[in-house]
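Take these sequences, add in the hints, and give me the full structure.
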Amino acid sequence: RLVRGEDVKPGAVVIDAGYNAGNVGDVDFDTAAERASLITPVPGGVGPMTIATLLEQTVDAAARQLGV
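Note that the numbering used here has the sequence shown beginning at -16, numbered continuously upward.
Among the clues, some could well be false.
With a straight-line Cα cutoff of 20 Å, these simulated SDA-like cross-link-like pairs (lysine to any residue) come out [claimed, not checked]:
no.	residue 1	residue 2
1	Lys(-8)	Leu21
2	Lys(-8)	Glu17
3	Lys(-8)	Asp13
4	Lys(-8)	Ala19
5	Lys(-8)	Ala16
6	Lys(-8)	Ser20
7	Lys(-8)	Asp9
8	Lys(-8)	Asp11
9	Lys(-8)	Phe12
10	Lys(-8)	Thr14
11	Lys(-8)	Pro24
12	Lys(-8)	Thr23
13	Lys(-8)	Arg18
Rather than coming from a laboratory, the hints here were simulated on the basis of the structure.
Written out as C-alpha coordinates, the structure is:
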(Lines of atoms letter the chains of each structure in order from A and count residues from 1; the text may use other names and numbers.)
(Lines give C-alpha, C1' and ligand atoms only; values in the text may rest on other atoms or scores of the structure.)
Protein backbone atom coordinates (compact mmCIF):
# COMPACT_ATOMS: atom_id res chain seq x y z
CA ARG A 1 0.00 0.00 0.00
CA LEU A 2 1.45 3.32 -1.08
CA VAL A 3 -0.79 5.61 0.99
CA ARG A 4 -1.13 4.98 4.72
CA GLY A 5 -3.67 6.48 7.08
CA GLU A 6 -1.15 8.90 8.55
CA ASP A 7 -0.50 10.23 5.02
CA VAL A 8 -4.11 11.43 4.75
CA LYS A 9 -5.00 14.92 5.94
CA PRO A 10 -8.01 14.84 8.30
CA GLY A 11 -11.17 15.55 6.33
CA ALA A 12 -9.59 14.84 2.95
CA VAL A 13 -11.41 13.10 0.11
CA VAL A 14 -9.46 10.03 -1.00
CA ILE A 15 -9.94 8.57 -4.49
CA ASP A 16 -8.13 5.26 -4.73
CA ALA A 17 -7.69 4.51 -8.43
CA GLY A 18 -5.02 1.85 -7.90
CA TYR A 19 -5.63 -1.87 -8.31
CA ASN A 20 -3.26 -4.60 -7.25
CA ALA A 21 -3.26 -8.35 -6.78
CA GLY A 22 -5.69 -9.43 -4.11
CA ASN A 23 -8.35 -6.83 -5.03
CA VAL A 24 -6.70 -4.02 -3.07
CA GLY A 25 -5.92 -0.46 -4.07
CA ASP A 26 -2.96 1.80 -3.32
CA VAL A 27 -4.53 3.20 -0.14
CA ASP A 28 -4.69 1.38 3.19
CA PHE A 29 -8.46 1.68 3.31
CA ASP A 30 -9.05 0.95 7.00
CA THR A 31 -6.54 3.46 8.40
CA ALA A 32 -7.24 6.12 5.74
CA ALA A 33 -11.00 5.88 6.32
CA GLU A 34 -10.46 6.92 9.93
CA ARG A 35 -9.13 10.31 8.76
CA ALA A 36 -10.81 10.90 5.39
CA SER A 37 -14.24 12.49 5.07
CA LEU A 38 -14.91 10.33 1.99
CA ILE A 39 -12.99 7.43 0.46
CA THR A 40 -13.58 5.21 -2.57
CA PRO A 41 -13.42 1.45 -2.05
CA VAL A 42 -11.46 -1.07 -4.10
CA PRO A 43 -13.07 -2.95 -5.74
CA GLY A 44 -16.30 -1.11 -6.43
CA GLY A 45 -14.94 2.42 -6.58
CA VAL A 46 -13.82 4.33 -9.65
CA GLY A 47 -13.17 1.32 -11.91
CA PRO A 48 -16.53 1.49 -13.73
CA MET A 49 -15.98 5.21 -14.47
CA THR A 50 -12.48 4.47 -15.77
CA ILE A 51 -13.84 1.84 -18.16
CA ALA A 52 -16.74 4.06 -19.28
CA THR A 53 -14.38 6.95 -20.02
CA LEU A 54 -12.00 4.70 -21.95
CA LEU A 55 -14.87 3.35 -24.07
CA GLU A 56 -16.24 6.84 -24.69
CA GLN A 57 -12.84 8.11 -25.83
CA THR A 58 -12.35 5.05 -28.07
CA VAL A 59 -15.71 5.64 -29.78
CA ASP A 60 -14.93 9.36 -30.19
CA ALA A 61 -11.53 8.56 -31.74
CA ALA A 62 -13.07 6.06 -34.16
CA ALA A 63 -15.76 8.56 -35.16
CA ARG A 64 -13.12 11.23 -35.84
CA GLN A 65 -11.12 8.83 -38.02
CA LEU A 66 -14.25 7.89 -39.98
CA GLY A 67 -15.29 11.53 -40.28
CA VAL A 68 -18.67 11.04 -38.63
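Hint check:
no., hint, in the structure
1, Lys(-8) x Leu21, "holds, 12 Å"
2, Lys(-8) x Glu17, "holds, 10 Å"
3, Lys(-8) x Asp13, "holds, 15 Å"
4, Lys(-8) x Ala19, "holds, 7 Å"
5, Lys(-8) x Ala16, "holds, 11 Å"
6, Lys(-8) x Ser20, "holds, 10 Å"
7, Lys(-8) x Asp9, "holds, 16 Å"
8, Lys(-8) x Asp11, "holds, 14 Å"
9, Lys(-8) x Phe12, "holds, 14 Å"
10, Lys(-8) x Thr14, "holds, 12 Å"
11, Lys(-8) x Pro24, "holds, 18 Å"
12, Lys(-8) x Thr23, "holds, 16 Å"
13, Lys(-8) x Arg18, "holds, 7 Å"
In summary, this structure violates none of the numbered hints.
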